[in-house]
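> Which chain is which? The protein sequence lines are A and B, in order.
Residue numbers 0 to 361, in numbering that gives the first Met the number 0, belong to the letters of the first sequence in order.
Residue numbers 0 to 547, in numbering that gives the first Met the number 0, belong to the letters of the second sequence in order.
One or more of the hints may lead you astray.
Stated by the list, open to error - One-sided and incomplete, this derived list gives chain B residues near chain A with beta-carbon spacing under 7 Å:
id, residue
1, Tyr152
2, Ile334
3, Trp348
4, Thr353
5, Leu373
6, Phe377
7, Asp389
8, Ile450
9, Tyr460
10, Val469
No lab work stands behind these hints: they were computed from the structure.
For glycine and all other residues, C-beta sits at the position ideal for the given N, C-alpha and C.
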Amino acid sequence: MNTEFQIFPDAASTAAGKVDALYLFMVVLSAVLSVFVAGLVTYLAIRYRRANNVNREHVDHGNTIEYIAMAISFPILMGIFLWGAKVCFFLFRAPEQAMPITVVAKQWMWKFQHADGRREIDTLHIPTGQPVKLTMVSQDVIHSFFVPAFRTKQDVLPGRYTSVWFEATQPGEYRLYCAEYCGTNHSRMIGKVIVQSPEDFARWMAGDAASDEPPAETGRNLFEQYQCGTCHRPANEEGARGPTLEGLFQSRVPLAGGQTVVADETYMRESILRPAQKQVAGYQQIMPTYEGQVSEEGVMHLIAYIKTLGAPAATKPAAAPAPGSPAATEPAAPATEPTVDTPTAAPATEDNAANESEGNAP
Amino acid sequence: MTGEIASTTALPNPEREPKNYLNAAWTVRSWLLTVDHKRIGLLYLAGITFFFLLGGAAAGLFRLELMTPQSDLMESETYNKLFTLHGIIMIFFFLVPGIPGVLGNFLIPIMIGARDMAFPKLNLMSWYLFMIGGCFTLYVTVAGGVDTGWTFYTPYSSTYSNTYVMATAVGIFITGFSSILTGLNFIVTVHKMRCPGMTWFRLPLFVWANYATALIMVLGTPVLAITILLVALERGLKIGIFDPRLGGDPVLFQHLFWFYSHPAVYIMVLPAMGVISELVAAFSRNRIFGYKLVAFASLAIAVLGFLVWGHHMFVSGQSLYAGMVFSVLSMLIAIPSAIKVFNWTLTLWRGEVTFSTPMLYSIGFLGLFTIGGLTGLFLATLGIDVHVHDTYFVVAHFHYVMVGGTVMAYLGGIHYWWPKMTGRMYPEGWARFSAVLVFVGFNLTFFPQFILGYLGMPRRYHVYDEGFQVLNVMSTAGASILGIAYLFPITYLIWSLKYGPKAPANPWNAVGLEWMTSSPPPTENFTETPVVDFEAYEYHRNAADSHG
Numbered sequence: 000m001n002t003e004f005q006i007f008p009d010a011a012s013t014a015a016g017k018v019d020a021l022y023l024f025m026v027v028l029s030a031v032l033s034v035f036v037a038g039l040v041t042y043l044a045i046r047y048r049r050a051n052n053v054n055r056e057h058v059d060h061g062n063t064i065e066y067i068a069m070a071i072s073f074p075i076l077m078g079i080f081l082w083g084a085k086v087c088f089f090l091f092r093a094p095e096q097a098m099p100i101t102v103v104a105k106q107w108m109w110k111f112q113h114a115d116g117r118r119e120i121d122t123l124h125i126p127t128g129q130p131v132k133l134t135m136v137s138q139d140v141i142h143s144f145f146v147p148a149f150r151t152k153q154d155v156l157p158g159r160y161t162s163v164w165f166e167a168t169q170p171g172e173y174r175l176y177c178a179e180y181c182g183t184n185h186s187r188m189i190g191k192v193i194v195q196s197p198e199d200f201a202r203w204m205a206g207d208a209a210s211d212e213p214p215a216e217t218g219r220n221l222f223e224q225y226q227c228g229t230c231h232r233p234a235n236e237e238g239a240r241g242p243t244l245e246g247l248f249q250s251r252v253p254l255a256g257g258q259t260v261v262a263d264e265t266y267m268r269e270s271i272l273r274p275a276q277k278q279v280a281g282y283q284q285i286m287p288t289y290e291g292q293v294s295e296e297g298v299m300h301l302i303a304y305i306k307t308l309g310a311p312a313a314t315k316p317a318a319a320p321a322p323g324s325p326a327a328t329e330p331a332a333p334a335t336e337p338t339v340d341t342p343t344a345a346p347a348t349e350d351n352a353a354n355e356s357e358g359n360a361p
Numbered sequence: 000m001t002g003e004i005a006s007t008t009a010l011p012n013p014e015r016e017p018k019n020y021l022n023a024a025w026t027v028r029s030w031l032l033t034v035d036h037k038r039i040g041l042l043y044l045a046g047i048t049f050f051f052l053l054g055g056a057a058a059g060l061f062r063l064e065l066m067t068p069q070s071d072l073m074e075s076e077t078y079n080k081l082f083t084l085h086g087i088i089m090i091f092f093f094l095v096p097g098i099p100g101v102l103g104n105f106l107i108p109i110m111i112g113a114r115d116m117a118f119p120k121l122n123l124m125s126w127y128l129f130m131i132g133g134c135f136t137l138y139v140t141v142a143g144g145v146d147t148g149w150t151f152y153t154p155y156s157s158t159y160s161n162t163y164v165m166a167t168a169v170g171i172f173i174t175g176f177s178s179i180l181t182g183l184n185f186i187v188t189v190h191k192m193r194c195p196g197m198t199w200f201r202l203p204l205f206v207w208a209n210y211a212t213a214l215i216m217v218l219g220t221p222v223l224a225i226t227i228l229l230v231a232l233e234r235g236l237k238i239g240i241f242d243p244r245l246g247g248d249p250v251l252f253q254h255l256f257w258f259y260s261h262p263a264v265y266i267m268v269l270p271a272m273g274v275i276s277e278l279v280a281a282f283s284r285n286r287i288f289g290y291k292l293v294a295f296a297s298l299a300i301a302v303l304g305f306l307v308w309g310h311h312m313f314v315s316g317q318s319l320y321a322g323m324v325f326s327v328l329s330m331l332i333a334i335p336s337a338i339k340v341f342n343w344t345l346t347l348w349r350g351e352v353t354f355s356t357p358m359l360y361s362i363g364f365l366g367l368f369t370i371g372g373l374t375g376l377f378l379a380t381l382g383i384d385v386h387v388h389d390t391y392f393v394v395a396h397f398h399y400v401m402v403g404g405t406v407m408a409y410l411g412g413i414h415y416w417w418p419k420m421t422g423r424m425y426p427e428g429w430a431r432f433s434a435v436l437v438f439v440g441f442n443l444t445f446f447p448q449f450i451l452g453y454l455g456m457p458r459r460y461h462v463y464d465e466g467f468q469v470l471n472v473m474s475t476a477g478a479s480i481l482g483i484a485y486l487f488p489i490t491y492l493i494w495s496l497k498y499g500p501k502a503p504a505n506p507w508n509a510v511g512l513e514w515m516t517s518s519p520p521p522t523e524n525f526t527e528t529p530v531v532d533f534e535a536y537e538y539h540r541n542a543a544d545s546h547g
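Make the full structure from the sequences, and use the hints.
As C-alpha cells, this is what we get:
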C-alpha cells in the first residue's frame, strides 16, 4: 500500500482499466504532440538561424494552415470529450443492486457503517466482485473520498449527501485519502480500504457484528425517542398531523408549491433537519427543526428506518433470502424487486428479520 | 566578462545623457507621487519582485519539508500556512499584477505612440491599492498566517479556520480594485490614445493580449470582490451564505470563486502570450505568423475563459450534465491556445533566428506551455479528472502554465526590455546560463509531480506515504536549482544598473514604436507624436531599410 516506489498506481476496481486506457491514450497523444512541437521548433530554429544561408524570402500567406489545424483538432477534442464522458458516466452511475454503506466524514476521520450495522473507522472492508455504493455526508467542512487504486473520487459535503460507487477486483489493502483540503490534519485524514474475497469478507462480517446495532434498528429507537410517530401516521388515523412515512422512499411527494419531489435520501435528510424547506402539500408547517439536535449518523439511521417502512408486508419475500447479504439489509430497494444478489454471509439474521417485521407493522 | 559583453552589445550612443524619465528627477517624492506610467511600471517591478521572493521563500521551505514523508521541519499548521501564503502571494501579488503592472504599464503607452495612460493618476492609485493589499498580506504573514489555501473553500474559511482569514480577505479585496482600475486604464488607453496611423491591426500583439486581459480584469475581478465580501459577512456576522449549518450552500462558493479564478488564469497567462509574440517576432526577425488569428485568439480565450469554471468542480457534487458542458467548453478553449503555439513556432519559418536570452526564454516557454496546455486537456476530460483532481497532477499542470508559461515569459520580457527600461545592457553570458538553469530546475521540480499525481498523492499533504518519497526528493532537488536560478537574474540585473554597458535606442534592431525612442525614453516618451505608416512586425521593410 504505497510504501514502495512505483510510477504507476495499483489498479483494483472495474473502473481502473477504463480510466487507465483513456489516460494512457492521452499520454501517448501528448507525447506525440510535444515531440512534434519540440522537433519543429528545433528544426526551424536551427535551419533559419542567422548564420545559415537559406531562402528567407517573405511570402504572404492566408490563414489556411491554421484553419486546417483547427479542423483536425476539433474532432479529436470532441472524441476525447466523449470518451471522458463515457468513463465518467461509468464512474458516477452506481448499479442498482450496489451494496450500501454510509459514510460520515469529519475533521479528521472517516466513519463507515455497513448496512447490517457494522461500524468501522478509517478502515473499510469490502468484498471483491460486489458493487459498493457509499452515501456520504460531512459533519463539518468539505472532505473528499479518494481511493487511487479505484480511480474514483467524490467530495463529501456538509449539509448534503453525495455518493460514490466502485466494484473492487483485487483483494488487498488500498489507501484512502481525503483529497479536499480540510484543515490542520488534512494529510492525516487517511485510511485504508481492505478488499477481501467474498468468503473472507463473509467471515469478517460474521466476526463481532452483533455488537453493532443495525442502522434501521437504531433509527427505530430514535424515531420513538423523538416521538415522530405521534404525527407521522396514515392519513385516516386519528392525530395524523404529518404525512405518512409508509412507502415514502423513492415515491413522488407533492409539495405545497405545486411541484413534486422524489423522496431520496437527500430530501429525507432535509425534511428532518429543515422541514420548512419543502412543505408537503396538504399539511401545515408544524414540525420543529431538528437541525443541531440529531447527529449526521442519527439522520442516516432515521432514514434507514424510514426506508424499512417502505414496503407493504404482502410483497415481501416470505423468507429473508440470503440472510445478511448486503442488499437484504436495505429493504428500501423497490419492493417489486424482492430478489437480491450475491449471498455473502449470514450474520445478523435475526436483526434483519426483526427490522422488517417491526418496520412493516408499525 | 564585462568587457566581452560590452564589446558585443554596446553600440555607439549618439546622444550624451539626454533628459529621460529616470534622470528627470531624483527625489523619493518624485517616485512615490509620479504619474509617469514608466515610473509606475518600475514601482510595480519593485513590489512584485519583493512578493515573488517572499512567495518563493515559502515554497522553498515547504519543498524542504517534503523531502521526507514525515513531519520534520515544521508542524502541519505551519506547513498549511506556508502553502497558503505561497499561493496567495504568487497569484494575487505576483502573477496577476506582474506582467500587466510592470511591462504593460511601461510599454503599452509607448507601443501605441501615446504620452501616458489615459488616467495617469488612477494608474498610480492602482499601485497604491496593490501595495496596501500587499501590506495586509504581510501583516497576516507576520501576525500568524492563514491556513485556508488560496482557494478559501467554505465552510472551512468562513467558519472553521482559526487563522487570519479576514485580514487576508481584506488584502485581496483591496488588491482586486488595483486590478480593476488597471484593466479600466488599459481599455481606455488602447481605445482612445493610439497615435495617428496606429490602427487596431497595427497594434503589437502584446497590446492585444493586455487588452484582452484588461477585459477579464474588469469583468471578472468584481465577482471575486463580491465573493470575498460574502465570506467576510458569513465569518464576521454569521449570515448564512455558504455554511450549511447557517442554511448556506458550500458549493455556491466554489461557483463564485472559480467564476473569477478560472478567468484569472488567463489574466496571468494572456499577457505572457503577448510577451512571447514580441520576443519570437524580434528574434526571428519575422512578422508573427497569422497575426490576426493570434490577436483574435486572445479575445477568444478571454471570452471562453468565462465559461469553463465548472471544470474545477467535476467531483464537487455538481451535476454530471453540467460537468459535460464544462468539459466540452474546456476542450474548445484549447483551440485558440494551440493556434498560438502553432503560430509562434511557424514564425521561425523563413526567419533569421538568433538565440539571445529573451529567445531562450521564449523557446523554453513554447516547450513548457505546450506540456502545460496538453495536461490541461487531461483535466478537462471528465473520466481522467475524477482520478487526478486535487492531486499533484493538478499542481504540476498549473505550474507548467503559470511558472513554465508566465514566469518564463516575464523573465524573457524583462531581459528584452531591460535596455529600454533602464538604459543598460544586462550580461548576456550570465543571462543565458540562468535561462537554461531555470528550464532545467523547473522541469526537475514539476515533471515528477505529474507522476505523483497519477499515483494518487493528494495536494496540500504535509505528511505522505513512503512510496512517494523518491519523486518528492527529485522535486525538491529541482526546486533548489530553480531557486538559485531565479537569484541570478535578480543579482545581475541590479548589478547592470551601475555596471552594465549603456544601451542604444534599439539594441535588438527590432521594430515597434518602443524601439524608435531613446533608451531610457524621455518622460513624454516621444519628442514628437509619432505617425505610424507601417504594419506591426514589419521586419522585411526594416531589414531592407537598414541593409539596403
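> Against the earlier hints, flag every one the structure doesn't satisfy and list their numbers going up.
none
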